[in-house]
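Participant: Chain B: place on chain A using the hints.
Each chain, written out:
There are 2 protein chains.
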Amino acid sequence: MNGADALISASHAAGIEVCFANPGTTEMAMVDAITRSKKLRPVLALFEGVASGAADGYARVSGKVASVMLHLGPGLANATANLHNARRSQSPVVNWVGDHTTWLLPHDPPLASDIAAIARGSSKWVRTTGTLAQLPFDAVAAVEAALSPEPGVATLILPADLQEAALPAGYLMPTALPARPLVRAPNPETIAATVRLLREAKSPLLFVGGTATDRKGLVDATRLAEAVSAKVLFEQFPRYVRREPGLPSPEKLGYLPFQARAQLSAHDVVVVLGAGTPVPFFGYGNDSPSLTAEGTRVIEPAAGGADVHAVLAALCDAVSAKAAHQAAVGTVELPEPDGPLQPQSICQAIAKQLPENAIVVDEGITSSLALYPALTGARPHDYIACKGGSIGYGTPVATGAAVAARGRRVIAYVGDGSALYTLQSLWTQAREGLDVTTIILANDKYAVLQMELMRAGGAIEGPGADLTELGRPSLDFEHLAKGYGVPGRTVRDVSALNVALRQSFATPGPSLISCAFG
Amino acid sequence: MNGADALISASHAAGIEVCFANPGTTEMAMVDAITRSKKLRPVLALFEGVASGAADGYARVSGKVASVMLHLGPGLANATANLHNARRSQSPVVNWVGDHTTWLLPHDPPLASDIAAIARGSSKWVRTTGTLAQLPFDAVAAVEAALSPEPGVATLILPADLQEAALPAGYLMPTALPARPLVRAPNPETIAATVRLLREAKSPLLFVGGTATDRKGLVDATRLAEAVSAKVLFEQFPRYVRREPGLPSPEKLGYLPFQARAQLSAHDVVVVLGAGTPVPFFGYGNDSPSLTAEGTRVIEPAAGGADVHAVLAALCDAVSAKAAHQAAVGTVELPEPDGPLQPQSICQAIAKQLPENAIVVDEGITSSLALYPALTGARPHDYIACKGGSIGYGTPVATGAAVAARGRRVIAYVGDGSALYTLQSLWTQAREGLDVTTIILANDKYAVLQMELMRAGGAIEGPGADLTELGRPSLDFEHLAKGYGVPGRTVRDVSALNVALRQSFATPGPSLISCAFG
Chain A
1 MNGADALISA
11 SHAAGIEVCF
21 ANPGTTEMAM
31 VDAITRSKKL
41 RPVLALFEGV
51 ASGAADGYAR
61 VSGKVASVML
71 HLGPGLANAT
81 ANLHNARRSQ
91 SPVVNWVGDH
101 TTWLLPHDPP
111 LASDIAAIAR
121 GSSKWVRTTG
131 TLAQLPFDAV
141 AAVEAALSPE
151 PGVATLILPA
161 DLQEAALPAG
171 YLMPTALPAR
181 PLVRAPNPET
191 IAATVRLLRE
201 AKSPLLFVGG
211 TATDRKGLVD
221 ATRLAEAVSA
231 KVLFEQFPRY
241 VRREPGLPSP
251 EKLGYLPFQA
261 RAQLSAHDVV
271 VVLGAGTPVP
281 FFGYGNDSPS
291 LTAEGTRVIE
301 PAAGGADVHA
311 VLAALCDAVS
321 AKAAHQAAVG
331 TVELPEPDGP
341 LQPQSICQAI
351 AKQLPENAIV
361 VDEGITSSLA
371 LYPALTGARP
381 HDYIACKGGS
391 IGYGTPVATG
401 AAVAARGRRV
411 IAYVGDGSAL
421 YTLQSLWTQA
431 REGLDVTTII
441 LANDKYAVLQ
451 MELMRAGGAI
461 EGPGADLTEL
471 GRPSLDFEHL
481 AKGYGVPGRT
491 VRDVSALNVA
501 LRQSFATPGP
511 SLISCAFG
Chain B
1 MNGADALISA
11 SHAAGIEVCF
21 ANPGTTEMAM
31 VDAITRSKKL
41 RPVLALFEGV
51 ASGAADGYAR
61 VSGKVASVML
71 HLGPGLANAT
81 ANLHNARRSQ
91 SPVVNWVGDH
101 TTWLLPHDPP
111 LASDIAAIAR
121 GSSKWVRTTG
131 TLAQLPFDAV
141 AAVEAALSPE
151 PGVATLILPA
161 DLQEAALPAG
171 YLMPTALPAR
181 PLVRAPNPET
191 IAATVRLLRE
201 AKSPLLFVGG
211 TATDRKGLVD
221 ATRLAEAVSA
231 KVLFEQFPRY
241 VRREPGLPSP
251 EKLGYLPFQA
261 RAQLSAHDVV
271 VVLGAGTPVP
281 FFGYGNDSPS
291 LTAEGTRVIE
301 PAAGGADVHA
311 VLAALCDAVS
321 AKAAHQAAVG
331 TVELPEPDGP
341 LQPQSICQAI
351 AKQLPENAIV
361 VDEGITSSLA
371 LYPALTGARP
381 HDYIACKGGS
391 IGYGTPVATG
401 AAVAARGRRV
411 IAYVGDGSAL
421 YTLQSLWTQA
431 REGLDVTTII
441 LANDKYAVLQ
451 MELMRAGGAI
461 EGPGADLTEL
471 GRPSLDFEHL
481 AKGYGVPGRT
491 VRDVSALNVA
501 LRQSFATPGP
511 SLISCAFG
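Line order of the protein sequences matches chains A and B.
Every letter in the first sequence is one number past the one before it in the working numbering, and letter 312, counting from 1, is 312.
Every letter in the second sequence is one number past the one before it in the working numbering, and letter 133, counting from 1, is 133.
Just so you know, the hints here were simulated from the structure itself, not pulled from any lab data.
Mixed in with the good hints there might be a few duds.
[Stated by the list, open to error] So the derived label-pair ranges between C-beta atoms look like this: (1) A/Gly518 <-> B/Thr507: 41 to 47 Å; (2) A/Arg406 <-> B/Gly130: 51 to 57 Å; (3) A/Pro473 <-> B/Ser265: 52 to 58 Å; (4) B/Asp493 <-> A/Gly339: 49 to 55 Å; (5) A/Arg184 <-> B/Asp114: 23 to 29 Å; (6) A/Ser474 <-> B/Pro380: 34 to 40 Å.
Here the structure is a predicted model, which means the values were calculated and not measured.
Yeah, the Cβ is synthetic: ideal placement off N, Cα and C, and Gly gets one too.
Just chain A, with the same shape it has in the complex (with noise of 0.2 Å):
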């Protein structure tokens, strides 16, 4: 048993299933381990960030710690992107990143670079393994950390050598259990405050996000909610939001700063649950990183690593809230899309063909204010979305969502722009088979960006307006579907797009749709 070998072993043993790769001669030793064992499933992207997506797709989806297998700096760097939004998001993801031989590194060959500082721009927790002893220990330490106190990003360096040399006879292995995440329990003060805080209050709010967005959140969040009159509201962008008639539907907090003031004014206290205190994405001009009223008092009880869930029940039992909750979406008669394709007919049709238990990721942009409204009373789904905002995340999060989801349809609805930065993705959808429809908002612009240079002032046309601009040339997402062995069509009508989703959900397998609009 090598190094390596006790690194896939040890992972393993702490929960690890399934390794998102893009290997390179640093992590030889790795690549063969994963051979011999049979323990993980190997999952191979062309480009890091979509095995970095993945993982975090995979993480939210499965609830388990994924791990992502990088080249040195710069594998580690192309990763970094999505593992943005994997820390944003709370995803648990263990980076093994393969390094130098120790006797050549001090040598500075080419390849070298400073692998913990790129790692210090994602990760919580880095660490470069020192001994062949403690590599087993480092794993299993990884996998600790990703979960704990909060889910995020552990990046474990591993030199060449390590992996390499072979563990002494009757080495001890670590005896790790499958690492779970550390709960800590809700404090009484806290709940306490907060009750009082909710009871006072004229019109309290609780603005729930984080992982707090599933099924039991979303439900005990409501059965709180109704105890004390308050309203619910979702973050931005939440991770992993359960929807299904029966269910409540949250609105979302607005993108722009005047929408989520908009939303936030009328209530004098705010109970944040699992989402950090609302803070607008971006800053402009010489506003206010402020997004509530004067005066608005703001609680995070959960603060400090108290498990949201716990946090959550603790408040419903000092309420006494009842067990059952009486908002809930019902089955609604989705309209029939027609008129011309545009966001809003697109999601439409989207949401009247939704397979049963479909997972929709959404990487729309300025396309996507109509999906989550669209959704509702759709058939029973989960919608993800990205907390992280760094660009290029949907193709690869429905990849690795595909992956720990077997069986269902996974929905990736993603800007023209957004897929061009991971669209490597396909590949992968197409190697192992995912159930993975692509569907692709073709405006031919960044138009999110042409909002904010009117925004800033500059014109949109022009030497250097032109850099919003995708029209030219035209950008033909049929083909790349085809180049990736990705099933793919253009529509540019409601009807295509009728037929091309039927199409695309009756057929086991990947196929991207890119729809012509704007």
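Facilitator: Showing chain B alone in chain A's frame:
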């Protein structure tokens, strides 16, 4: 005039003429300033690694500093792999990274991350502009840092509100002249010591790299070598080599340690000129970091930042080298390629048809072995390789090279695996009408990793070894190219390749030829 206008104006005065960009919301003032100033040429990339690689290629070919516009930490991270290559190849590149508005950043909005930490993975100089008054001076300092004392990567982080703020009336802009590299004169004692060593040597070697592989460096190294009966050897992956009949064509150092040692073993003195002491690319087993034979004396007369061209000239003077060198490649009757499609015949076909003054960018990985020798004796051209070793540099560097070298054909010779990290380059080539011919070596595998895996004792079949295989599904580069707006075709024999090359070289604009073999 706002901060962004001042940035563009001061940077232009310091010598920047082009900006490779993938902007976001926090860069809109810069986008607007570029539009209004009309001073810089903006070049849009769909992915940041294309922008940074293009900057590297532009810098190599033009000799000028390139700027790159990036969105926050994730954008910088996506650019980092090719910034690593720029750093190792001594290409002067300035990054402008927008950051959140200063009054929002302390509230940790979703897209906030440690930008400076990420920058340290590739940049020798990192600064966050703290005040509006300082901004234009920071702009000039960034250009100077990118050039001196040795060319490399400088990163300037620019909060959005400082970009947008108006400079006070009467503000005095820095009066920058175009920045130039600091040229440190050779140390006479070092020159004398080097000459002594060369004269004592039985079999001296000049190991040439960095900026010294251009025409001037090559000529002077050859004159010096002829005066002292030395041999000239290039580093493994030279940044920019002039090749033409009438110039000598030194061998390159071998990639694998055993090859390199065979080339170096006969030499008792090695004079390092711009290349750095030879070091293995990767360390294998319990091998040594040294490539020279025991007892070989290594001297680096340009160490400490002396200008390598000046050192070469001083050495030539000190040994009274003749003005004209003898060694030269003559015009060679290149072989007519024949037989099945394989790297050897592909490279012969390229060499035979090579347009005058072409620029050849080599990222063929295992298929590269044949390229440099095959081009010996071909029409005059420049040859570019990647010292940093980070994958995905070929198509972006070719893009930037073509921006710098209007009227010259650029050939990107790229492995299939490598091409897929940054294939979005093709779109920028189409958009800008760049004369780039991309030749894909499509063997459906990470061949170098299969070699490395076997070396590590692993099997190249089975679930883990799957991580080195690209044929399931096979990638269709013809479709991928079309998707990005570039004409593409697949060839399967030498005569089809000849036709495709002829057509590509005769047609303005980009095209792609996928060579399916293996």
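Participant: Now, for every hint given, state plainly whether the structure supports it.
Facilitator: Each hint tested on the structure:
1. A/Gly518 <-> B/Thr507: 41 to 47 Å: Since the Cβ atoms of A/Gly518 and B/Thr507 sit about 32 Å apart, the hinted range of 41 to 47 Å is violated.
2. A/Arg406 <-> B/Gly130: 51 to 57 Å: holds, 52 Å
3. A/Pro473 <-> B/Ser265: 52 to 58 Å: holds, 53 Å
4. B/Asp493 <-> A/Gly339: 49 to 55 Å: holds, 51 Å
5. A/Arg184 <-> B/Asp114: 23 to 29 Å: The hint (23 to 29 Å, Cβ to Cβ) holds, given that A/Arg184 and B/Asp114 are roughly 26 Å apart.
6. A/Ser474 <-> B/Pro380: 34 to 40 Å: holds, 38 Å
Going down the numbered hints, you'll see the structure goes against just number 1.
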